[in-house]
Structures are given as C-alpha cells and as structure tokens.
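Student: Residue numbers (this note's numbering): 9 to 274.
Hints listed in this document are in silico derivations from the structure and should not be mistaken for laboratory results. Do not take every clue at face value.
[As the list claims (entries may be wrong)] List time: in silico DSBU-like cross-link candidates among lysine-lysine, alpha-carbon distance up to 30 Å:
1. K170 with K272
2. K208 with K272
3. K88 with K201
4. K170 with K88
5. K179 with K82
6. K201 with K82
7. K272 with K88
8. K208 with K82
9. K88 with K208
10. K179 with K88
11. K272 with K201
12. K179 with K201
13. K272 with K179
14. K208 with K179
15. K208 with K170
16. K82 with K272
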Amino acid sequence: LYTFENSYCYCTEFRDRHPHAILFNILNRKDSCGLGHDNWDYSGMHNCHCEQRKLVCLRNSASTCQAASEVLVKTIHFMKSLPSFHHLPCIDQLLLLQSCWAPLFVLGLAQEHMVFEVTDIPTASILRNLLLNHQKRTNEQETDDSPTTLQAVHNLNSCLNKLWSLDLTAKEYAYLKGAILFNPDVSGLMSCKHIEGLQKESQRVLHEVIQTLHPNDHGRFTCVLLTASSLRTVAQSFVTELFFRPVIGQTDLLELLTEILFRKNI
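Based on the provided sequences and hints, a complete structural model is requested.
Tutor: Structural data, given as structure tokens:
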C-alpha cells in the first residue's frame, strides 16, 4: 500500500517540453508488461518517473521492523540448522551469508505472509539523510547504493506476489531456500564443487517434492526456480534501509548477522 502525499508530478511538464514526446512515452512504458498479477493499485503510476523515484518509508515502522527482524533471525537460524552448511569452512559460510541473506529473507517474508505499508518520507527527513549520506561518503567509499524508492518497493511486492501465487508448502520453501543458499557462483568459495553438489541435491529433492505434490503441473518446477531467480533483483541495501535501518541505525547489518551465525547456542 502507498499513500500519495505532495504528489505533484513534473513528468507531464517535462513531456510537454520534450521534442520527441511520443517516443519518450513509448520507451517509458517498457516496464509496464508482466505486472498484471500485482495486487497493489498502481494505476497510472508506471508511466510517471516522479512517483517511481519517490522516497518512501514504513508507515508502521516499529511493528513492521520487529516482524521483519523476527523473519531475519529465523532465516539465520535456518542456515545454522543445516549440517551441510554448518560443516562448510567458516569463510564459505560467511561468503554465502553475505551473498544470500537478502533473497532468503524475501522468501521468509513470503512464507510468513508478511505485509507492510509505506508512505512518503517527510521532506525534512530527506534533507537530513542527504546531509548524513554526504558526510558518510566523505569518510568511506560506498557501493550498492539503493534508496528506498517506490519503484524498489514495487519490485519487492511483485516478487512476493509471485511467490504467494505459487502457494508453496513448507517443504517447497525449505528446499528452495537450500537451492538459493548453496550458490557455487559466489566468488572466493573454498568448497565451490561441494557447494555446487549441495545446490544440485537441493534442486533434485525440490523437484521430487513438487512432482509428488503437483503431479499434473509439469511446469511448476521451472516456474519456482524462475521466481526464485527474480529475488536477486531486490537489493540488499534496499532491504537494509527499509526494514532494519530504523532499528540498527548506522550499525553494519552484515556484522550483526555474522555474529548471530557464529554465536553458539543462540
């Protein structure tokens, strides 16, 4: 859900001045395909870059961040509960955590059927964040900068809706998480071949489970994997800023996740 505040749009004004307005509008409609299953009402929004670039924040920040934190902790506990993951070299565990926590978290949001609302960021907060980010960039080099725009929220919601439309069982979620977690393409892995084998095994068992539960749906396995691959489009920095920055402040989220992962008996 999204509330429209201070929603004056400059796109129309720009379009009227643009010398190739027709071509400009056609090109700007390229992202409107394939979104028909989205349950949110974004009618008229996809052609408006002003709306897509709007910075948003959680409407009910305290309760939503609490629920998101619980999902994230469950995600780390899932990783720790897998003997095949626990027995990997620590460096491989860390690299897989760093690469895979965000898509696994999105899977967790879908499995828990978590919904959330966003609203415009107040202008004063935007100015404050700009000043803080400028000061931070003078002290350290930042990468993967992904602000909490309405477009990013729309992308996350699209991924969630695709997962919900599949109506995955707990077993399907579990083996799909394994297929995502054990990613042999992560750079720097010491046990790349072994991790590739773990991924193939997760995919094999997932395929068996799907065949058992849906014997007449021959395209379901492919659809599940394609949907899972789309989770990589949800940036880690966006997830961090939207769900966790209000709670952890400027603390490094990955450091917190690493501490949870390697802490005993948590």
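Student: Taking the hints in turn, state whether each one holds.
Tutor: Each hint tested on the structure:
no.	hint	verdict
1	K170 with K272	violated (36 Å)
2	K208 with K272	holds (29 Å)
3	K88 with K201	holds (21 Å)
4	K170 with K88	holds (27 Å)
5	K179 with K82	holds (16 Å)
6	K201 with K82	holds (27 Å)
7	K272 with K88	holds (10 Å)
8	K208 with K82	holds (24 Å)
9	K88 with K208	holds (20 Å)
10	K179 with K88	holds (17 Å)
11	K272 with K201	holds (28 Å)
12	K179 with K201	holds (25 Å)
13	K272 with K179	holds (26 Å)
14	K208 with K179	holds (16 Å)
15	K208 with K170	holds (23 Å)
16	K82 with K272	holds (15 Å)
The structure shown violates just one earlier hint, number 1.
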